[in-house]
Amino acid sequence: MNDLTDLTELRDLFADKPHPTADRLAPARAALLAEARMKQRPRGRAVGLWRLMLAGGLVAATTAGVIAVQTVNFSAPVSAAEVLRLAAEAATTTPWPEPRDDQYLHYERIAETRSEKGVPNVGPRHITGEVWESVDGSRPELLWHKPSKSRPQDREYKELLTRCPGPGPTGVRSGPSYADLRGWPTDQEQLRHKLAERGNEMYPGKDAATRTWYGVRDVLGSPVPPKQQAAIFKIAAALPGIEMEELKDATGKSGVAVTRVDNQGRESLIFDKTSYVFLGGQELVPGQGRELWSVTRLQITDVLPAWSKSLKPENCV
Amino acid sequence: MPLSTTLSDAVLIERSWRDPEDFALLFDRHAGHIHRYVARRLGDDTADDVVFETFLAAFRLRRDYDTARPEALPWLYGITTNFIRRYQRAEMHRYKAYSKVGVLPEADDAAEQALERASAHAVRRPLAQALASLKARDRDVLLLVAWADLTYEEVAGALSIPIGTVRSRLNRARAVVRDALGSTDPTMEQTS
Numbered sequence: 001m002n003d004l005t006d007l008t009e010l011r012d013l014f015a016d017k018p019h020p021t022a023d024r025l026a027p028a029r030a031a032l033l034a035e036a037r038m039k040q041r042p043r044g045r046a047v048g049l050w051r052l053m054l055a056g057g058l059v060a061a062t063t064a065g066v067i068a069v070q071t072v073n074f075s076a077p078v079s080a081a082e083v084l085r086l087a088a089e090a091a092t093t094t095p096w097p098e099p100r101d102d103q104y105l106h107y108e109r110i111a112e113t114r115s116e117k118g119v120p121n122v123g124p125r126h127i128t129g130e131v132w133e134s135v136d137g138s139r140p141e142l143l144w145h146k147p148s149k150s151r152p153q154d155r156e157y158k159e160l161l162t163r164c165p166g167p168g169p170t171g172v173r174s175g176p177s178y179a180d181l182r183g184w185p186t187d188q189e190q191l192r193h194k195l196a197e198r199g200n201e202m203y204p205g206k207d208a209a210t211r212t213w214y215g216v217r218d219v220l221g222s223p224v225p226p227k228q229q230a231a232i233f234k235i236a237a238a239l240p241g242i243e244m245e246e247l248k249d250a251t252g253k254s255g256v257a258v259t260r261v262d263n264q265g266r267e268s269l270i271f272d273k274t275s276y277v278f279l280g281g282q283e284l285v286p287g288q289g290r291e292l293w294s295v296t297r298l299q300i301t302d303v304l305p306a307w308s309k310s311l312k313p314e315n316c317v
Numbered sequence: 001m002p003l004s005t006t007l008s009d010a011v012l013i014e015r016s017w018r019d020p021e022d023f024a025l026l027f028d029r030h031a032g033h034i035h036r037y038v039a040r041r042l043g044d045d046t047a048d049d050v051v052f053e054t055f056l057a058a059f060r061l062r063r064d065y066d067t068a069r070p071e072a073l074p075w076l077y078g079i080t081t082n083f084i085r086r087y088q089r090a091e092m093h094r095y096k097a098y099s100k101v102g103v104l105p106e107a108d109d110a111a112e113q114a115l116e117r118a119s120a121h122a123v124r125r126p127l128a129q130a131l132a133s134l135k136a137r138d139r140d141v142l143l144l145v146a147w148a149d150l151t152y153e154e155v156a157g158a159l160s161i162p163i164g165t166v167r168s169r170l171n172r173a174r175a176v177v178r179d180a181l182g183s184t185d186p187t188m189e190q191t192s
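Residue numbers (the UniProt record's numbering), protein chains in the order written: chain A, 1 to 317; chain B, 1 to 192.
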């Protein structure tokens, strides 16, 4: 079957439903106008409410980090490769109690999308979710998606996701668990091969450096053990086409970024300016917009929250 | 040329901050699309209610609209989706009824029923069954793409979810639809 046949068939389903007549819509229009006429004209234009709400959310999200970060006073780096070398050093010097396989990594994932001026439909969005990730992947992962601050009318939802043993329904294998990553080699050549393999699963057919970069970006989307994180940063430091810039992360924190540019756009890894701890990333597509993401408030916990017992596990993904 | 055809949605909404009645121009522009979409999911009568609820909610939220987005249709579909969820059981019942007898529950006229039965060929009934079996959030994404013609980015904006989530929900839903159509092709990767 052609890849798009299912959508074509679906588009035809009930497609004979006609557009409603003006008469049909008239009662709703009249009721809307009645509501509109009840409104008094405001004294001044109330601008920026959405943005104020967003800013409030960001402030709340950035308070009280859970894992203490050791501040290292490095002198200002002069290149992207140097930023990554400092980040590798920070990864192994920051205190981190290694979790047991039967525990969970509990963290907050923040994403924010901003469209470029004049670009339709890809409007600013701020999304926050809490994640409880089974360290060895043997237990269901709990996701708690919260309504956007700009869309308080949306419902939150919670789901328990199980890993598929092989490729999931999307045909793509689940990402490695934290315990899987702990077993990954720190030897540069072997790890580079692993990262390129992961990058190729998602975006086949790219050159070796691009595959490795995609693998780096994908793996860093969830917590990574310090030794492997350090080794990954060292590999990224040797990739061609990286450059250094200053960027804010998804929580609004100003950082130093390592950016790789290709014909698709600019992808960045963002680090704390002082400690060089990894903060998150940014994807920028020229002419369209950008998406920022961060993983914050990482902590280790033994059990899922009690309320998760009422959730039914979903099919594997 | 009248303002209602030359101004962007964003400008109309911004004007409605000062002159609330201008919001009716947005209704004139988009209510038909929203109604048809809802009617395909829930039937005409419920669509009347959902369209009213959608535009009333949109009107009350109009000051929160981000005017950097000239097109408001995805935003309206997002609000509509929230109201459609209130009728989830009725929607499933509708698809199930169609999958069994090839007639939608609201087709009360005998001639209309006969016409529907004739057009409900072998593919449409399993498709309706597949829609009934989907999780609500997967069905929302699938139908916003297939029936509302939104792009992945627009669906992400409408539902306030990351684009990656749009892709995974759509892939999950399409796997079910393909199963219903007797597909043997397991590859689901697609481009936006």
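Fair warning: there could be bad hints in the mix.
[Claimed, not checked] Just a few of them, taken from the derived set where beta-carbon distance is under 10 angstroms, the chain A residues facing chain B:
#: 1; residue: D6
#: 2; residue: D12
#: 3; residue: P27
#: 4; residue: L32
#: 5; residue: A36
#: 6; residue: P77
#: 7; residue: V78
#: 8; residue: W96
#: 9; residue: D102
#: 10; residue: L105
#: 11; residue: R114
#: 12; residue: E116
#: 13; residue: W144
[What the hints assert, rightly or not] Which bits of chain B does chain A cover? Going by a derived footprint, with three or more residues having C-beta under 8 angstroms, they are:
#: 14; stretch: 11 to 23
#: 15; stretch: 38 to 47
#: 16; stretch: 88 to 94
#: 17; stretch: 149 to 161
#: 18; stretch: 169 to 178
Simulated from the structure, these hints should not be mistaken for lab results. Backbone N, C-alpha and C fix where the C-beta goes; we use that ideal spot for every residue, glycine too.
- Interface hint outcome for D6(A) [beta carbon to chain B under 10 angstroms]: Because about 5 angstroms separates D6(A) from the closest Cβ in chain B, which is inside the 10 angstroms limit, the hint holds.
- Is the shortest C-beta separation between W96(A) and chain B less than 10 angstroms? Constraint on W96(A) not satisfied, violated at 27 angstroms.
- Are there three or more residues in the stretch 149 to 161 of chain B whose C-beta lies within less than 8 angstroms of some C-beta in chain A? holds (count 8)
- chain B contact restraint for P77(A) - C-beta distance below 10 angstroms: violated (31 angstroms)
- Item | 8 angstroms C-beta criterion, at least three residues: is the stretch 11 to 23 of chain B covered by chain A | With 7 residues close enough to chain A, the hint holds.
- Query: Once the shortest beta carbon distance from P27(A) to chain B is found, is it less than 10 angstroms?
  - Reply: holds (7 angstroms)
- Take the stretch 88 to 94 of chain B, compare each residue's beta carbon with every beta carbon of chain A, and decide whether three or more fall closer than 8 angstroms. violated (count 0)
- Per the CB criterion, is L32(A) less than 10 angstroms away from chain B? holds (5 angstroms)
- Message: How does the stretch 169 to 178 of chain B fare against chain A when you require at least three residues with a CB closer than 8 angstroms, holds or violated?
- Response: Holds, because 6 residues of the stretch 169 to 178 of chain B bring their Cβ atoms closer than 8 angstroms to Cβ atoms of chain A.
- Message: Restraint: A36(A) near chain B, CB-CB cut 10 angstroms. Satisfied or not?
- Response: Holds, because the Cβ-Cβ distance from A36(A) to chain B comes to roughly 4 angstroms (cut-off 10 angstroms).
- Cut-off 10 angstroms, beta-carbon criterion: hint that L105(A) touches chain B: This hint is violated: L105(A) lies away from chain B, its Cβ roughly 19 angstroms from the closest one there, beyond 10 angstroms.
- Item | Coverage assertion for the stretch 38 to 47 of chain B with respect to chain A, Cβ distance below 8 angstroms, three residues required | holds (count 4)
When the structure is compared with the earlier hints, violations turn up for hints 6, 7, 8, 9, 10, 13 and 16 and for no others.
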